[in-house]
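Produce the entire structure from the sequences given, and follow the hints as far as they go.
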Amino acid sequence: MGKSAKDKRDIYYRLAKEEGYRARSAYKLIQIDSKFDIFKGVTKAVDLCAAPGSWSQVLAKKLSRQNSDKNDVKIVAVDLQAMAPIPGVIQIQGDITNVSKKNEENKDSSEQTDVVFLPTCFFLFITVSFISFFLLILFIAILQVSTAEEIISHFEGEKADLVVCDGAPDVTGLHDLDEFIQGQLLLSALNITTFILKTGGIFIAKIFRGKDVALLYLQLKIFFNDVLITKPRSSRNSSIESFIVCRDYNPPDGYEPMMFNPLLEEKEDEYFENIMKCPNNYIIPFIVCGDLDGFDADRTYPLQLESGKDYVYREPTQAPINPPYQKACQMKKSSELLKPQLT
Amino acid sequence: MTSLESVAMKTPITSLHLSKLHLFVGFGNKLEIRCLSDLKSIAETKVFDFINIHGIQSFSQDSETTIISINGNRFVSVLSVTHNKHRFELQHLSSAFNLKDWILRTEIEAEKIFCVLAHNSFVIYDWKQRAVISKFVCPAKCLLYSSLIIEVKNLSAPKALIAAGTVFKEVLIWEAAEKETKVIQRLTGHDGVIFSIHYCHKNNLLVSSSDDRSIRLYTYNCVDNEVESLNIRGKQGLFSFLAVLYGHESRIWQAVVCEKWIVSVGESSNFCLWDIDKLQLVYREEKFNDGSVWSLAVDNDRVFYAGSDACIKVRSFNDMLCPTNIEKKCFLETKPKSLGFVTLNNTNSPQLLISSENGHAAFFTSLNKSETLKINLGDLFRNYCIHCVHPLSKHILFANKFGDILKIDFRETRELFKAHDSKIFSLFYVSNETYLSCSINGELKLWTDLIFVRKHILPYSKYRWPTCGVYLNEKILIVGDRSGSVTVFNTHSESLQYFQNIHGDNGVTDLKIKPNSEFLYSCGRNGKIFEYLFHSDQETIKLLRVVKLGHEVDWIAKLTFDLNHSNCLCVLGFISTRFVLLNEMEQSALWSVECGGGHRSWDFTVQSNLFHFSYVKQNEIFWHTKKVPTSCQTLDFNSNSARINSGLFLRSKENVNIFFFAIAGDDNDVNILKFDISKKSLQKEISLTGHISNVKAMSSIDFQDFTLFVTVGGRSQMMIWKLFYLKGKLIAQQLINHFLWNIDGRHRKPWKDAMQVLDPQTRYMNVELKAVDSNNYLISIACSDAFFRLFLFNIEDNFIQLIEAVEVGDYCVLTLKSTKKVFICGANDGILRFWLLDENNLNKICEDSISDNKLKSPKPLSMINGLFCPKKRHQSILKHLHNYQSHQSGINSLDCYFLTDELLILLTGGDDASLKILLIDSVASNKILATTSKPNAHSSSITGVLFLNSFLFITTSTDQRVILWKLVIDIETKLVEVLQLEMKISCVADIAGCNSIFISDETVLISVFGEGFQFYEIDLKENKFLEV
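Keeping their order, the protein sequence lines are chains A and B.
If you're matching positions, the first sequence starts at 1 in full-length UniProt numbering and goes up one per residue.
If you're matching positions, the second sequence starts at 1 in full-length UniProt numbering and goes up one per residue.
Quick caveat, the hints were computed from the structure, so don't treat them as lab data.
Wrong hints could be hidden among the right ones.
Cross-link-like lysine to aspartate or glutamate pairs, in silico, EDC-like; alpha carbons within 20 angstroms at most [as the list claims (entries may be wrong)]:
| # | chain 1 | residue 1 | chain 2 | residue 2 |
| --- | --- | --- | --- | --- |
| 1 | B | Lys100 | A | Glu18 |
| 2 | A | Lys277 | B | Glu982 |
| 3 | B | Lys30 | A | Glu265 |
| 4 | B | Lys20 | B | Asp62 |
| 5 | B | Lys141 | A | Asp253 |
Here it is, written out as structure tokens:
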């Protein structure tokens, strides 16, 4: 297969390259916005799990366009991976040492850890964007109140209007495990969000619409008055991914933000007790977003989209940075991988 | 009894565990127990209601009773097995208990189960009390992918040592204790997620495997007076890094360390065996299918592993570690020309016959010894000499460039005769007593002993001599030649059938009959094996299909069935410079020898459990021997190794209890399984290969004596098959292999390049097959380039043509259904589109094409490039009726049912998790009379809808639920209501759809497929189903 094969099969992959986005997932946020108008009145936004930065690119573009005074707009992108700068986006790298000062018990051990420049793989993924999963997990694991405070400090003490998170695991193929991990990722993002989101604010995150999607829906309903699941047309029909749009942040009375949350556990117990009953005990609103006149992620398009406009192959905007398999791949290329002694 | 009863399933095997007597297998929600001595299945039980098994551990209570803990997701369950000479008993001791976090690892000791949970905590659960008695949370709060309980001591005030594999490159060694729970050591070095950790107490080694495709090895060293140290079995110490092993080319799910070896498995199905002392990769199994291996169990002499293809592979250390013995001999005076193995009747080991340039032939029992016999063939045999050995080694024949054949037996009796007038190119046996010789201009002569039998002339070709042949029942002669053609001759010397160039320009290499069968196989240097069927009373053979073999083998040299007495096809071939011996059933390499490639004289034989392979390399002769693997076994058949996109029941003609079930999916294979409803047993019947990309959909029509079967998938490939039954066996014949593009590559037809560039990588999403008349079939295909295509297939002429391509809209077409006259397409924009078929026009096309079809019929098994098919000369046969917006986005499933002759009910399931029911007047204009919608019918995309009868239907979804619904229709008011009757959570993840077949008047068998498949049975008689 030639290198243009991916361009034929995946129109959004191709468009992302042509329009300078770092990943095709940019269109998903654009389409969510076109349906739910999530950027309305937003000046302060947080992109959790930002790398490689396509969502931050969209945030920067949209928020600066709609606010006449650019100084009002604050976008904080949080990730452990250093990411290429985006004009108008403040980057916070999860700071390990900061945490270890707080957690004295981890002091010795954290000195042995060099996770600051954790290599991660970033791709222009065609199916599910597995963007910076390790980072988010790690980041959530160590991210303490201090990071939340740092984010808020960039907003001059105010809280965010919008928190988005497009993190997903590097799927193994064991669907139940993958769905569980993705769910934990989402709940961790929710926990951080409870520190930094203003009442009435919006939270958007990637969700896998698998076996236990109803459980996550129930859990998010605790904190938001309006929760629904959406699938942008730029996300493939065959992909299990969707996005949960949580509007009107309204935590229970007297709720104190915390990193591990007993309210979530109660819902989980309730869910598993009732699992063998009808699944439509839970009505999960589902809305498709994205213009019907736009492109279809599942359709195969000819390379020449319009007559008179010739197809030109473009390299991906950003190549993968230090993926975990980098060394093994290099060794394979140079035939350094061990070979069996017996055949 | 519930009305939706699960009767069989085959899903990825996610857990294996060995106890003293048993092998425990966890797949889906079921536990299977096999006896370790004979590996036979003794019991199977359902452990969980709605989750899949991820771990099994056992504890020997006494010599007869074993307690087993089984975990999956957040739950743990306990069983016991009692097994002695007189009885086997399986008991459920404690039902699923929720530990509220994903369980990564368990150990069991009497009533206590120790568990490490995904959020890095350790709990002790007492299954008798059904309570968690202690919980320790590691101060390093993070999510784990793997963990290990190294040791638990002092059960009254428990203290445990845990190894936890994080997603951020570390293995944490932490201690859980009442006094203080703390991280003691952090093992770093991996570049990715840690997928498994294992520790061996015998050699104090810890191994971890990772996303970074490496295995790291740490050793436990004793230390004194260190403030922060570990304590394992009373010894103070710390882990220190020993080695990192790179050898896997994909993620490593599991690595197990035992006394001398490390065994590792992962994403690709090749498993690795590593030597700890030498830190070397000792053995890697070479396999040609690409399923993940999820589970691994190792005992003293065997390795068991299993994964997504749902079967268990058993390999013994002895087999894997058995070395290849190499002998070599250098010939200085004369150049060795050709060699071959000869096994005399009274001996067990073969002798190697080497004929040299100087016209001598010598026999060796070993290359380290001098020859046992040396024959001077004479001057006539100098410089050019070919030989062949009698199949039972009674004598040897030599042929020369003058047309002479010399027969020599082992008493050195010589008989020389003139067979041809000039050089003999080929000489080989075609049956036990008959041999064939060939001279120039394709002059073939058959001989029995020294008596001439008959003569044939090979059709004209560039390299006009045969390379292999079979003499069937002393009647028909089938030969394969150096020009890649297979020719069939009958007694009257004319060529009856000629399969020109089917093995490519480099020639046919072998022809073999499967013992005691009616199948013939040919192979060649195009890397392909073909299957043919012959009737003993007929003089022709029927070319059936391609036999599956890893595409890596570019040169197939020989076929053999007598390797291990199982009648299983084994293949000798070359992968670049290596000689390989492959097992067709296992799709794996049994032996591989680096020999420099196939362009040399070589021979292979199996004698008294030894493989022999010998080859010439310049002046040297090499003789390799290796023991035949003895305990290489596969328990149960291997299923598809990736997601199943399509499943289809086919009716057996011979037995009412037998049903065939075809499955196909992302691994490009189509497997047809045989399900015996009375025994609830599944077997693999046949595996169809040929798709070069994933298979998306299948359709079939059953006839009295055969089934027409269509498979479609990625890269716009369509294959048509004819399935028929012979003596209870299913036989498949490939009729058509069609593409919308030029598979030969652009270099073949450079003048057509302009069109090539515009070619999108169209995927076929769905297919329906229907009969126009007894010869013509209409194949309708939903395509990803937003087209709906109609093909007309004429079975008599074996001719296919594209007769219609309609642009459906701007979105990928996902589903398709047709009634007698109407086509209904569901696309990714949620719109249903209705088309009327102009039958008169279609019939006209059928009639018109009769005359010129025959000329255009493709060669058997050839690939048809459909992109440049002739322009249609006819009027459109489709008339667009109307559209209906049924869903917000993709219509993933579609089914219809005729309530009455006039009234059609249409059911659609969408990606938006809703269900739509449409009532359609099928007589006048196909108007939609009424619609009802059921939003949130599932909590995720609905991938399957299926009518069982006029008022019951099934839906399936990626939320893993299978729901039985009841339809209540008031025909007067056109009011439609749906009621949910029954819901099951299937063990099949990522469900792609469902299919059904009536197994009796009242009972339906339903299949649900995705990651594996599951069968349910429904009795339609039950009261609660009856119509309101």
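List of violated hint numbers, smallest to largest | 1, 3, 5
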